[in-house]
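There are 2 protein chains.
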Amino acid sequence: MSNEVLVVGSVAFDTIDNANGSVKHVLGGAASYASICASYFAQPAMVAVVGTDFTEADRTPFIKRGVDLNGLEVKEGKTFNWGGSYDKDFNTAVTKFTELNVFQNFNPVLTPQQQQAKAVFLANIDPDLQLSVLKQVKKPRLVACDTMNYWISSKKESLLKVIKRIDILFLNETEARLLTGEYNLIKAGKMLLGKGVKYVIIKLGSNGSMLVSKKGIAQLPPYILEHVHDTTGAGDTFGGGFTGYLASLKNWDTLKSIKRAMMIGNVMASFTIESFSVDRLAGLTQRDINRRLKEYTTMLSFN
Amino acid sequence: MSNEVLVVGSVAFDTIDNANGSVKHVLGGAASYASICASYFAQPAMVAVVGTDFTEADRTPFIKRGVDLNGLEVKEGKTFNWGGSYDKDFNTAVTKFTELNVFQNFNPVLTPQQQQAKAVFLANIDPDLQLSVLKQVKKPRLVACDTMNYWISSKKESLLKVIKRIDILFLNETEARLLTGEYNLIKAGKMLLGKGVKYVIIKLGSNGSMLVSKKGIAQLPPYILEHVHDTTGAGDTFGGGFTGYLASLKNWDTLKSIKRAMMIGNVMASFTIESFSVDRLAGLTQRDINRRLKEYTTMLSFN
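Chains A and B are the protein sequences, given in the same order.
First residue of the first sequence: 148, per the working numbering; consecutive thereafter.
First residue of the second sequence: 148, per the working numbering; consecutive thereafter.
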């Protein structure tokens, strides 16, 4: 069994202001967080595009984590740039600028080897591109997909076509409500099951995550931190760890596997939010991860 | 060992509007929810005041649950009346009217037997009254206390005196931030530990509850429900079940006991929010409770 996972999404340079400070032009983008996180559980191959300003040094965190960069296209021009700021609650980022640059014409074309991918994580990109990737992948045994309010508002029909073809959908509370028109998250989740997806995972920010599926529903708390440094990439980390973990399993399609994947997503996100960019996430040891997973299960044990 | 628990607080008639309908003049009040809930785990005695409009029928749910009503004073006049409405999210009640009536001059005087109480739950009332009760109770082995934003704003000094004398403080997110001026809930909880309380329990509404203590921190999810009928009394139920359960233990002062009490608070609150008033809460069987407790621990098990 292969434990490869194809991660398709954005690589960006982020400029961020929050209560803890500010950084300029640091590595970001959903595919960056997701593939680096997935690398602790599986063999990720990243499909993304960067500009000619993306240096060898920018590739270092990926290479150190063994992320396959054959699918990282380099195009003449600048890499996607995003700037945002957070209030002290970190609940919502206020976007200050979005310069799509080479990402504007991102059109992932998979190599014959990538078309054989058994596990796919479609990070938050245009649902038409997600569909295009899905059509190229021959026989995936696991497809997970993230999205955002922008696509729900502007490309709902395409997104619904994606949802029909995937196993796992990640979205946050606001997005679940926006997409379904239903306030109650369990009801919203069930509506999405009716659209053809098997597992709906609602990300609850500082309150963890919720699962809605025909096999069961669950709400799991976060790994709690006293100091949050920056929440950028937390959701992408969650999705990447979740999908990477499942990709490593012989039988991912069980309630037990999905709950463990949620736990891993929650715990891995706790590392990402301890620094700007992937600084903390990219330098973990298996021991760091195991310690938090153990603390997490101890927290939820009543014996 | 006695498993008695003294519950001091309000008994009221509630008039409520929400997305599921409306009710007029139904049994409510923090002490009602708390004592009825505590009755499933311990022997509650309620100290409260009602008017001459409080009928025998109004006493029925208490009597059926074995709540000791010797401390229920009847005063000439009307019972406390509260009216409120909820938006579809149930997150905040909008108060439409508050008629304190006989509750305005509530001044709990404990009988010699009540002064011997080993466990006390001070529901949300004026902190000066909470202090007065604390001075009357001789040697409690467990004192838990709830409060609200109104008292934090208007009687902070008295509330801090209460906090110095109790074991367990319940408050919600907004209140924790208001009381400490600190946004991060772990930091806010630790500041309150510094004020002399042993366990800080932050109620997170539909996201469960959080514990901050020197023995450990934890966040536990709610027992999740697809249909929420009315959230009035959920926090009082949580506190009553929490305290009642601990009152039944020989050694309540351990992390394990506190976490189990949180689980019980979360699960018991799930019953309260399935109906208006105490309709659902007052009619439970041990089997109903055990089933949800088992579902809850199964949800949080990863094996």
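In case anyone wonders, no lab produced these hints; they're calculated from the structure.
Heads up, some of the hints might be wrong.
If several chains are the same, the list does not tell them apart, and a pair holds so long as it fits within one copy or across any two.
Said to hold, decoys possible - In the EDC-like style, the derived pairs of lysine to aspartate or glutamate whose C-alpha atoms are separated by at most 20 Å in a straight line are: (1) Lys406 / Asp273; (2) Lys334 / Asp236; (3) Lys311 / Asp200; (4) Lys406 / Glu442; (5) Lys311 / Asp275.
Note that the structure is predicted; figures quoted are calculated from it, not measured.
So, going through the hints one by one against the coordinates:
no.	hint	in the structure
1	Lys406 / Asp273	neither (28 Å within a copy, 44 Å between copies)
2	Lys334 / Asp236	between (27 Å within a copy, 13 Å between copies)
3	Lys311 / Asp200	neither (37 Å within a copy, 59 Å between copies)
4	Lys406 / Glu442	both (16 Å within a copy, 14 Å between copies)
5	Lys311 / Asp275	within (13 Å within a copy, 60 Å between copies)
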